Amino acid sequence: MTGQTPPDRIAERVAAATPQALATGVRGLSDRAIAWIFITPTMLLLLAINIFPLIWTIQLSFTNFRANRTNAAVKNVGIDNYTSILSDPDIWAAMQSTAHFVFWTIILQTLIGFTLAWLLDRKFRGHGFWTTIILIPMMLSPAVVGNFWRFLYQPQIGLFNYIIAFFTGVDPSSFEMIGSVQLAPWSIIIVDTWMWTPYVMLICLAGLRSIPDYIYEAAEVDRASHWRQFWSITIPMALPFIMLAVLFRGIENFKMFDMVNLLTSGGPGSTTEVASITLKREAFEKWRTGFSSAFAIILFVTVFGLANIYVKALNQVKSR
Amino acid sequence: MKKLIAGATALAASAMLAMTPVAANAKTITLCWAAWDPANALVELSKDYTAKSGVDMKFEFVPWPNFADRMLNELNSKGKLCDLLIGDSQWIGGSAENGHYVKLNDFFAKEGIKMDDFMPATVTGYSEWPKGTPNYWALPAMGDALGWTYRKDWFAKPELRDAFKKQYNRDLEPPKTLDELVDIAKFFQGREVDGKKVYGAAIFTERGSEGITMGVSNFLYPYGFKYQDPKKPYSMEGFVNSDGAVKGLEAYKALYKCCTPPGYTDAYMGEGLDAFKSGQVALQMNWFAFFPGLYKDEKVGGDKIGFFVNPKGPAGSGSQLGGQGLSVVAYSPNQAEALAYIKWFANPEVQKKWWSMGGYSAHKAVLNDPGFAKTAPFAADFLVAMGQVMDFWADPSYAQLLLSEQKRIHDYIVADKGTAKEALDGMIKDWTKVFKDDGKL
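Going down the list, the sequences are from chains A and B. For the first sequence, this note's numbering begins at -5 and goes up steadily by one. For the second sequence, this note's numbering begins at 46 and goes up steadily by one.
Hint data in this document are derived by calculation from the structure and do not stem from the laboratory. A portion of the hints provided could be inaccurate.
Stated by the list, open to error - Calculated Cβ distances over 12 Å to all of chain A for the following chain B residues:
| # | residue |
| --- | --- |
| 1 | Asp93 |
| 2 | Phe200 |
| 3 | Asp311 |
| 4 | Lys388 |
Unchecked claim - Where chain A lies over chain B, by a calculated footprint (3+ residues, C-beta under 8 Å):
| # | segment |
| --- | --- |
| 5 | 302 to 308 |
| 6 | 455 to 465 |
Claimed, not checked - Below, simulated EDC-like cross-link-like pairs (lysine to aspartate or glutamate); rule was C-alpha separation at most 16 Å, straight line:
| # | chain 1 | residue 1 | chain 2 | residue 2 |
| --- | --- | --- | --- | --- |
| 7 | B | Lys197 | B | Asp162 |
| 8 | A | Lys69 | B | Asp482 |
| 9 | B | Lys398 | B | Asp93 |
| 10 | B | Lys462 | A | Asp84 |
| 11 | B | Lys231 | B | Glu218 |
| 12 | B | Lys298 | B | Asp461 |
| 13 | B | Lys242 | A | Glu279 |
| 14 | B | Lys474 | A | Asp82 |
| 15 | B | Lys202 | B | Glu89 |
| 16 | B | Lys478 | A | Asp84 |
| 17 | B | Lys388 | B | Asp93 |
| 18 | B | Lys466 | B | Glu282 |
| 19 | B | Lys478 | A | Asp252 |
| 20 | B | Lys322 | B | Asp348 |
| 21 | B | Lys478 | A | Asp74 |
| 22 | B | Lys349 | B | Glu218 |
| 23 | B | Lys197 | B | Asp224 |
| 24 | B | Lys344 | B | Asp198 |
| 25 | B | Lys302 | B | Asp461 |
| 26 | B | Lys474 | A | Asp207 |
| 27 | A | Lys274 | A | Asp252 |
| 28 | A | Lys274 | B | Asp114 |
| 29 | A | Lys69 | B | Asp483 |
| 30 | B | Lys103 | B | Glu89 |
| 31 | B | Lys478 | B | Asp228 |
| 32 | B | Lys298 | B | Asp224 |
| 33 | B | Lys302 | B | Asp228 |
Every value quoted in this text rests on a predicted model; they were computed, and no experiment measured them. All C-beta atoms in this analysis are idealised placements derived from N, C-alpha and C, irrespective of residue type, glycine included.
Just chain A, same shape as in the assembly:
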């Protein structure tokens, strides 16, 4: 017999195993004090790796500090870094590239992800297999994805150009996905959509499967068309999940770095230089630590503010 030990027996054992001195000390503590004892290590860790760097970054953002010149005197520059950033056309260009990337990836990933989820929810034969296949891209490392899409986009030997050429009849080496100013922004959108649509699909699928069957059965009794069921039941009930997927992808893509860096390095020129690449160049190549701290704070406040507004909207949708 290896059945579970009853809880009271465990408690008795713990009590018996606690040294007398400690037991005496603990006996006098309130529940609140014990709770604090348990959460204090976590709080300290959070302060050390999250709050302290944030406060330090805020402090640095008002200075001219450079991490590569630690011997130089650090001067307080007030809000100069913030005004320089907000009046810098290159920074605004980077923000525009980021907005373009975030907007189109969210639109495409939501549309394709929801469509795939809706199709997979039909539970046709082999749907489990196809779900697994579709999920593969999101399991890959962004570094791997960036590198192999670079090959796929290669005008002379890349498979992507050959597929486009096959369907359109154009010469495969006549266009350059990552070398053309017009196509490069779309090249990173295509790769991100290929990689992360499965993630959106997965969340949407969870939403669709959470809709009880009896609602559709009641709609059938009321002779509601499939179209009407889709717009009046499926979409409203899956909407909180769709919105959640949009929130996750929006935050992720706002700080997108690795895949874009590997695919285009921000080029051609500065066409695909999203905000995080600009930030990396300022912080770790130009070593303008104070300036880049201010930029990081601006990005943080932007994402945090937008995410908060969005979460409020999400809560309103859920409470309907």
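Since the structure of chain A is already known, use the hints to place chain B on it.
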């Protein structure tokens, strides 16, 4: 029992003997550099140092695209990974002023190492800071400059020679001017050679690190570009954006547009080597450091490859300086051993062996040897190139200056934004701001 004791004694003795070399080589120093062909040659060469000194050598080689990021992070964090560092020439100002490198003047004086024994361009480029002053922070270790390779076997084909002569009214020979170079690239672009479509030239267009700057400089210098007014330091108006500089930039863009392989929008030395080795291009811009390896290449080396110096432009000659100096890292706990390595490396005999193994010595004992020009097919061109080199800024803020040029030039050449004049004016604007922030203007 006696046998047992004797056996144990013998075992202990043999164990001690086995440990002796380990004890002798107990000290280990680490040399950091970029991962490329010359680094492999240095590993072989350094075996002589270990044999002579008993000091083991460890090597930390980082691929070029990440080399600056990795090593400058290491220096800025006062890391102890590297005892010796063969750092890029542009790092010398920052590394000297921020205390990353050990100043070598006293050491050179004590050991009798004279900077006059090295090629002047390499001393200025790799060792001095401030430039033009006798303050030395590195020993010239790897002389390098930009040069060109061409497909000698294609140039020798009678049908191609005839077609070229008919089109350009001159023989198909390595170019003497940049205009001739562009003509040759145009001639080969899209042409069928040995049943395969080939392209004109592999040039530097890389955006992320330093590629396009290192490439375009070889057109800017011969067209008259200068970084600053020689009489008024950091005054750039009329020098960076002179009429000649504008024409040089336009000429590089024209070469990029007419004569590079498809998709050649983000290419540096690795991509150039790939394009040349795979038989895609007739001409290749690259560093002399790669030429020994290319000459040995089974497919395109030997009789099939030729070399030439960066051709002249309307304002004269000019080549981009490459190469690096060997420095002792100030945070190293093994500075004595690191200095001893430099002393050994500066020896003329070691320098001769360094050249013979594929490294580019900057020592006059090697380069001024009457037979040097015939030691390799590219040796004579190397000497010429080293006599006409110019280098990018080496100020502590070089990274800001470099990234600005990368952006402005890539925007103009690859992304077709604005004009050449606007790109160069933009560079002056960015650079002026950097120098003002640094208190130099």
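So, going through the hints one by one against the coordinates:
No beta-carbon of chain A is positioned within 12 Å of the beta-carbon of Asp93/B; the least distance is around 36 Å. The beta carbon of Phe200/B sits about 24 Å from the closest Cβ of chain A, which is more than 12 Å, so the claim that it is off the interface holds. Not every CB of chain A is more than 12 Å from the CB of Asp311/B (nearest about 6 Å), against its label as outside the interface. With 12 Å as the threshold on Cβ separation, the claim that Lys388/B sits away from chain A holds: the shortest Cβ distance comes to roughly 29 Å.
With a threshold of 8 Å between beta carbons, the proposed coverage of the segment 302 to 308 of chain B by chain A holds, since 3 of its residues qualify and at least three are required. Coverage of the segment 455 to 465 of chain B by chain A holds. Counting CB-CB distances below 8 Å, 7 residues qualify, and the rule asks for three or more. Note on Lys197/B and Asp162/B: the hinted pairing is violated, with a Cα-Cα distance of about 35 Å set against a maximum of 16 Å. A hinted pair counts as satisfied when its Cα atoms are at most 16 Å apart, and Lys69/A with Asp482/B qualifies at roughly 12 Å.
Distance restraint check for Lys398/B and Asp93/B: the Cα-Cα separation of roughly 10 Å lies within the 16 Å cut-off, and the hinted pair is therefore satisfied. At most 16 Å may separate the alpha-carbon atoms for a hinted pair to count; Lys462/B and Asp84/A meet this at roughly 13 Å. Of the pairs offered as hints, the one joining Lys231/B and Glu218/B holds, with about 14 Å between alpha carbons and a cut-off of 16 Å not exceeded. Annotation: proposed proximity of Lys298/B to Asp461/B holds, straight-line Cα distance about 9 Å (limit 16 Å).
Between Lys242/B and Glu279/A the CA atoms are separated by roughly 40 Å; this puts the pair beyond 16 Å, and the hint is violated. A distance of roughly 13 Å separates the Cα atoms of Lys474/B and Asp82/A; the hinted pair therefore holds under the 16 Å criterion. Proximity of Lys202/B to Glu89/B is assessed by CA-CA distance (about 39 Å); at most 16 Å being required, the pair is judged violated. About 15 Å separates the Cα atoms of Lys478/B and Asp84/A, which keeps this hinted pair within 16 Å; it holds.
Distance hint between Lys388/B and Asp93/B is fulfilled; the C-alpha atoms sit about 13 Å from each other, no more than 16 Å. Taking the CA atoms of Lys466/B and Glu282/B, the gap is near 12 Å; set against the 16 Å cutoff, the hint holds. At most 16 Å may separate the alpha-carbon atoms for a hinted pair to count; Lys478/B and Asp252/A exceed this at roughly 30 Å. A C-alpha spacing of about 14 Å is found between Lys322/B and Asp348/B, which places the hinted pair at or below 16 Å, so the restraint holds.
For the hint pairing Lys478/B with Asp74/A, the CA-to-CA distance comes to about 14 Å; that is within 16 Å, so the pair holds. Our distance criterion of 16 Å between C-alpha atoms is met by Lys349/B and Glu218/B, whose separation comes to about 14 Å. Pair hint Lys197/B plus Asp224/B does not hold up; C-alpha atoms about 19 Å apart against a cutoff of 16 Å. A C-alpha spacing of about 11 Å is found between Lys344/B and Asp198/B, which places the hinted pair at or below 16 Å, so the restraint holds.
A C-alpha spacing of about 10 Å is found between Lys302/B and Asp461/B, which places the hinted pair at or below 16 Å, so the restraint holds. With a C-alpha separation of about 66 Å, the suggested pair Lys474/B and Asp207/A falls outside the 16 Å cut-off, and the hint is violated. Simply put, Lys274/A and Asp252/A have alpha-carbon atoms about 11 Å apart, close enough for the 16 Å limit, and the pair holds. About 11 Å separates the Cα atoms of Lys274/A and Asp114/B, which keeps this hinted pair within 16 Å; it holds.
With a CA separation close to 13 Å, the supplied pair Lys69/A and Asp483/B stays within the 16 Å bound. With a C-alpha separation of about 12 Å, the suggested pair Lys103/B and Glu89/B falls inside the 16 Å cut-off, and the hint holds. Between Lys478/B and Asp228/B the alpha-carbon distance is near 39 Å, which puts this suggested pair outside the 16 Å criterion. Straight-line distance between C-alpha atoms of Lys298/B and Asp224/B comes to about 13 Å, which keeps the hinted pair within the 16 Å bound.
This hinted pair checks out: Lys302/B and Asp228/B have alpha carbons roughly 13 Å apart, not beyond 16 Å.
In summary, the numbered hints that this structure violates are 3, 7, 13, 15, 19, 23, 26 and 31.
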